[in-house]
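Sequences are here, hints too, so could you generate the full structure?
Letter by letter, the chains look like this.
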Amino acid sequence: SVKKLLKAPAVEPEVTATSRHYVDRLFDPDPQKVLQGVIDMKNAVIGNNKQKANLIVLGAVPRLLYLLQQSSSSMELRTECAVVLGSLAMGTENNIKSLVDCHIIPALLQGLLSSDLIFIEACLRCLRTVFISPVTPVQLLYTDPTVIPHLMSLLSNSLRTQEYITQIFSHCCKTPEHQTILFNHGAIQNIAPLLISPSYKVRMQALKCFSVLAYENTQVSMTLVNVLVDGELLTQVFVKMMQRDQPIEMQLTAAKCLTYMCRASAIRTDDSCIVLKTLPCLVRMCSKEHLLEERVEGAETLAYLMEPDVELQRIASTTDHLVAMLADYFKYPSSVSAITDIKRLDHDLKHAHELRQAAFKLYASLGSNDEDIRKKITETENMMDRIVSGLSESSIKVRLAAVRCLHSLSRSVQQLRTSFHDHAVWKPLMKLLQNAPDEVLVMASSTLCNLLLEFSPSKEPILESGVIELLCSLTQSDSPALRVNGIWALMNMAFQADQKVKVEIVRCLGTEQLFRLLSDPDTNVLMKTLGLLRNLLSTRPHIDQIMSSHGKQIMQAVTLILEAEHSIEVKEQTLCILANIADGNTAKDLIMTNDDMLQKIKYYMGHSNVKLQLAATFCVSNLIWNEEDGSQERQDKLREMGFVDILHKLTQSSDPNLSDRAKTALQQYLA
Amino acid sequence: MSGQSSGGGFLMSVVVHGDSALNEQEKELNQRLRRLYPAVNENETPLPRSWSPKDKFSYIGLSQNNLRVHYKGHGKTPKDAASVRATHPIPAACGVYYFEVKIISKGRDGYMGIGLSAQGVNMNRLPDITFAKAGWDKHSYGYHGDDGHSFCSSGTGQPYGPTFTTGDVIGCCVNLINNTCFYTKNGHSLGIAFTDLPPNLYPTVGLQTPGEVVDANFGQHPFVFDIEDYMREWRTKIQAQIDRFPIGEREGEWQSMIQKMVASYLVHHSYCATAEAFAKSTDQAVHEELASIKNRQKIQKLVLSGRMGEAIETTQQLYPNLLERNPDLLFMLKVRQFIEMVNGTDSEVRCLGGRSPKSQDSYPGSPRPFSSPSHKASSSQPYLTGFDSNCCNGVTSNKSHSSSPHSHKPCPPGSGSTLPASDISLNGSRSQQPITRGSSTAVMSKLPASQSNDVDMEVDHFTNGVTESSSNGFLNGTSKHTTEPDDCDADMEVESAQSKRQLCGGSQAAIERMIHFGRELQSMSEHLRRECGKNSANKKMLKDAFSLLAYSDPWNSPVGYQLDAIQREPVCSTLNSAILETHNLPKQPPLAQAVGQAAQCLAMMARTGSGSCAFASVDDYLH
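The listed protein sequences correspond, in order, to chains R and L. For the first sequence, full-length UniProt numbering begins at 1 and goes up steadily by one. For the second sequence, full-length UniProt numbering begins at 1 and goes up steadily by one.
No lab work stands behind these hints: they were computed from the structure. For each residue, glycine too, the CB sits at the ideal point set by N, CA and C. Take the hints with a grain of salt, since some may be wrong.
[As the list claims (entries may be wrong)] Partial pick of chain R residues on the chain L-facing surface, computed with a CB cut under 8 Å:
id : residue
1  : 117
2  : 244
3  : 276
4  : 280
5  : 311
6  : 318
7  : 319
8  : 320
9  : 321
10 : 607
Rendered as structure tokens:
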């Protein structure tokens with residue numbers, strides 16, 4: 001079989017001879033010689049990637065695994081095999097792939113059942129190296145359900161087992177399912193004591209475990225807040241790890257743990273460990289004195305921490321000149337690095353995208369609620385230019401982050417009126433909308449909604465760029481978020497719009513699609529569609545024109561919604577549409593001739609919800625308005641139907657708006 | 001003081017209560033300042049503790065122990081602005097300095113400024129205010145509440161931070177290492193405000209409109225901002241800088257220098273076996289004969305165990321001309337002998353039946369080279385004050401070199417003591433170092449006749465006494481029979497022994513002997529004065545020693561410190577240095593000298609405004 005193995009390709013001849021010799025010795029009938037062969041191989045491969053690759057190609061791995069698994073092998077031999085395999089794994093990603101293909105993982109996991117600690121440690125070390133590689137499928141750790149509990153039980157054996165196992169966990173916990181498996185096998189209780197281990201490596205890996213376990217996991221986070229380590233609350237242990245004399249890696253990871261626990265609602269956002277410790281620590285991580293990777297991670301974590309809380313955003317915005325500090329994230333690669341140091345240039349280039357997207361994310365989070373902060377951000381040097389160029393960067397991550405940032409800033413009326421218009425941000429935004437992944441589309445279309453608000457000076461140029469078709473196509477998307485944004489933008493566009501625009505919207509969207517949206521399972525879509533209808537049905541000529549062409553379908557849709565189970569808001573919006581229809585000249589008849597609809601209006605006038613009463617009364621008031629043709633007949637008809645009695649009753653309402661509205665309506669009868 | 005009147009009872013109790021609260025606050029303040037700024041020598045550079053009633057503009061009113069500042073001008077124009085400085089400038093040895101100001105009321109317009117200023121700055125304005133034309137005083141730095149701008153020696157501000165108002169706590173941190181300053185608001189750092197700050201700035205606040213009131217916290221209360229965490233970062237930075245001090249190509253040189261220092265230290269303190277072993281393993285030559293080292297060791301041990309009579313005797317025996325040429329040194333040794341007699345530890349009184357309290361007999365460790373945490377003030381002094389300072393007690397060493405060769409009797413093999421390496425780190429219990437009685441007795445019998453006087457005769461006599469009594473185990477009174485004088489008693493019984501202390505060990509004969517010795521000392525002093533002129537140090541020394549007799553319990557008297565075993569150490573090192581000088585060896589080991597120099601260097605850094613001295617304490621490197 002040795003001969004056969006030697007046929008393997010792609011081995012450089014001059015190295016082959018020595019490499020082959022190492023492999024040959026693994027097949028020696030004398031176990032002592034085999035052992036010596038493995039030891040020699042170990043010494044030969046250390047730090048020698050070429051040698052490692054050769055041995056793998058020459059088939060050393062299956063033989064080593066065979067020797068490792070043989071119960072007839074001596075413990076020493078088995079251990080040395082694990083050590084050599086661990087060394088081979090330290091090489092290139094290709095090495096790892098080959099090892100995984102040879103089923104090294106189950107073999108090593110099997111080895112963990114041994115009672116020999118040195119052997120177990122060698123197996124774990126190798127497993128660690130294999131699992132932390134991005135090419136290894138993490139799922140392999142969870143295939144055999146007995147593995148995780150066994151690893152938990154090995155945690156108490158030695159500092160080395162602790163370091164390797166926690167490192168494996170922290171790299172292999174990628175999904176909520178993984179979190180649950182580890183949690184259910186007592187990860188928290190088993191790993192918490194390691195946070196005060198005498199070994200820095202163990203403390204660090206244990207800390208990393210907690211950060212991956214707590215990420216977006218309420219169950220884990222809620223459990224963590226009650227854990228005591230040597231009589232001290234875990235949160236306090238994390239706070240200590242954030243002390244400024246601790247290594248940066250430890251400060252950063254501890255801050256991540258507390259951030260995740262806070263976002264999972266296990267710690268309040270106004271807790272001092274968040275406000276006075278975690279937030280300042282993360283702001284510090286963004287400073288120039290740290291490594292680029294640390295600055296990226298710090299900014300991303302900080303953005304995540306304060307996203308939902310305006311108070312944290314306000315504090316961060318004044319901490320350590322954060323807003324100005326982030327401007328530096330855009331200066332890579334710097335002109336200095338390009339000239340002086342090729343290595344540095346390479347490093348800077350590699351991180352430049354990451355830095356930019358992290359900065360955009362953090363700006364987005366900072367500016368998501370507070371107008372003053374948004375102003376501060378837009379006033380940062382070249383900010384709008386940076387966003388504009390970010391929108392068309394090749395890296396999708398940067399594009400997404402840039403549009404998120406733009407979206408956050410677009411919530412500012414003032415910015416929409418000024419900087420957004422000055423920098424014509426709508427242009428790259430429209431370009432971005434042409435063909436982008438859903439993630440980007442959601443953000444971009446959401447931003448577009450704000451740019452289409454009636455006071456936005458960008459509204460006109462956007463309209464002229466043929467946006468209606470694009471928005472209508474969004475309403476047909478499978479993603480509810482995109483449908484909402486599409487219809488929302490149309491709604492904003494229709495607000496106080498020209499007849500021409502309204503007609504174009506109806507034409508382009510098509511009544512069929514409009515009614516499909518009125519039965520959309522997503523309430524948001526329904527609400528915005530109703531809003532669109534309401535905006536379309538404003539000013540008398542528009543109402544009559546649209547109702548004359550689509551009256552039948554619209555009345556049908558209104559009926560359906562009023563009859564179905566819907567929220568108060570939906571019904572209110574629908575009644576408002578009805579009130580708008582009642583305001584038309586000819587459109588009124590569509591209601592007056594529909595007794596069923598009149599009964600519905602009457603019903604809602606007596607509804608227990610004031611908002612619905614108000615909307616229905618508004619509708620009646622429009623129907624009986626004096627100065628219009630045929631008002632007398634309408635008044636008579638409604639009196640016959642008992643509306644006057646109801647209006648009298650409503651004048652007694654405790655709600656001043658409602659009683660006023662009812663009185664105004666009754667006055668129409670007196671004139 | 002107040003409240004004598006009968007009606008003032010209530011008032012008085014309030015006052016008293018206030019006083020105790022004040023004392024409590026004072027205590028807390030002192031504790032906090034010591035913890036924050038351990039490197040500051042307040043005798044040289046006192047820390048700011050309150051606003052200065054003298055260093056303020058008249059529109060400023062102070063109250064609440066000069067911590068509260070209020071505005072009492074009319075506040076109509078910017079010219080009505082007024083400032084007050086703290087009592088002292090910020091010492092550089094703080095490294096990082098911090099104070100906080102709470103805005104009690106923003107008053108009419110909230111034009112408060114918080115910051116720093118140098119002496120000589122006009123107090124008629126906020127710390128660097130704005131509200132006026134150019135030409136504002138130099139070296140004034142402020143952060144203003146109304147607009148959140150920072151002002152740096154100019155009338156125009158820079159946008160800096162948020163505005164602040166009633167209820168906010170504003171902190172100001174001066175980093176004396178990189179000469180920058182940042183502010184905090186309600187515990188959050190706002191980022192660097194100023195760079196390139198000059199030295200000796202005073203904490204300062206300025207107010208400008210009626211009703212403005214602010215309270216300062218110079219350490220009276222816990223700070224809102226975690227300044228200690230910030231200091232930790234800088235301590236780590238400075239220490240990393242020291243640890244990574246580049247030695248470049250000279251690594252070998254570096255190593256051999258350190259080895260030489262260690263070896264010379266061991267030799268200096270007479271750790272002969274250790275020195276020998278160390279020299280051998282590092283391939284070095286020892287510059288002193290082994291026998292000589294052992295002799296010095298013997299003498300030191302006698303001094304440190306309080307057996308001064310024997311120590312003087314042995315010195316005279318081994319170094320015949322030394323004390324003759326150093327009358328001041330001899331005098332000092334004798335005074336110490338007198339003190340040991342009072343203590344009941346000197347051989348002369350011990351043999352007179354006095355039971356020696358063990359606490360006085362036991363000696364905490366080997367010579368203490370550097371300060372040890374428990375006895376910082378007293379023991380570290382002679383070493384840390386460096387180059388030229390003669391070891392305390394004012395003994396001036398006149399550089400007389402004895403050229404005569406000494407005839408040392410070599411120690412018998414095996415009697416040389418070995419010192420475990422760990423013992424260098426002080427206070428450890430010492431390995432037993434038997435004094436060879438045989439050799440010591442032999443030495444005694446060879447006393448030169450010329451030196452004979454009462455004392456010497458007595459010593460001779462007592463030497464035998466020691467020999468006898470030690471074999472009877474009188475040393476510890478716990479029937480621990482030992483055939484050798486054991487100067488390494490366990491510390492365990494120290495406490496119980498404290499209460500049994502009696503003058504000269506309680507023996508009447510010993511007291512008489514002590515008084516007699518005192519008279520001799522007196523006449524020696526007079527003789528010295530006639531021969532060598534007045535010596536105030538000698539005079540004081542004698543006076544202090546005699547003062548012990550004025551108290552029924554000398555140990556608990558104001559001069560009782562002299563009886564502490566610690567006080568033997570300066571005597572011991574002075575004697576040791578004198579002996580070494582006669583051999584043309586340095587009177588201080590280079591290691592101690594280097595430590596002293598480092599300490600001096602730090603003190604000099606503090607004086608010249610280099611804040612990093614705060615985080616480079618020599619003590620941190622001495623364990």
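Hint check results:
Interface restraint check for residue 117 of chain R: the shortest CB-CB distance to chain L comes to about 33 Å, outside 8 Å, so the restraint is violated. For residue 244 of chain R, the shortest C-beta to C-beta distance to chain L is roughly 4 Å, which falls under 8 Å, so the interface hint holds. With a cut of 8 Å, the hint placing residue 276 of chain R at the interface with chain L holds, because the nearest CB-to-CB distance is about 5 Å. Checking residue 280 of chain R against chain L: minimum C-beta separation of about 6 Å stays under 8 Å; hint holds.
Evaluation of the residue 311 of chain R hint against chain L yields a violated restraint, the C-beta minimum of about 12 Å exceeding 8 Å. A least Cβ separation of about 5 Å between residue 318 of chain R and chain L falls short of the 8 Å threshold, and the interface hint therefore holds. The criterion of a C-beta within 8 Å of any C-beta in chain L is met by residue 319 of chain R, whose closest approach is roughly 5 Å, and the hint holds. A distance limit of 8 Å between C-beta atoms decides the matter here; for residue 320 of chain R the minimum to chain L is near 4 Å, and the interface restraint holds.
Among the interface hints, the one on residue 321 of chain R holds; its C-beta lies about 4 Å from the nearest C-beta in chain L, closer than the 8 Å criterion. Look at residue 607 of chain R: its Cβ only gets to about 48 Å from chain L, farther than 8 Å, so that hint breaks.
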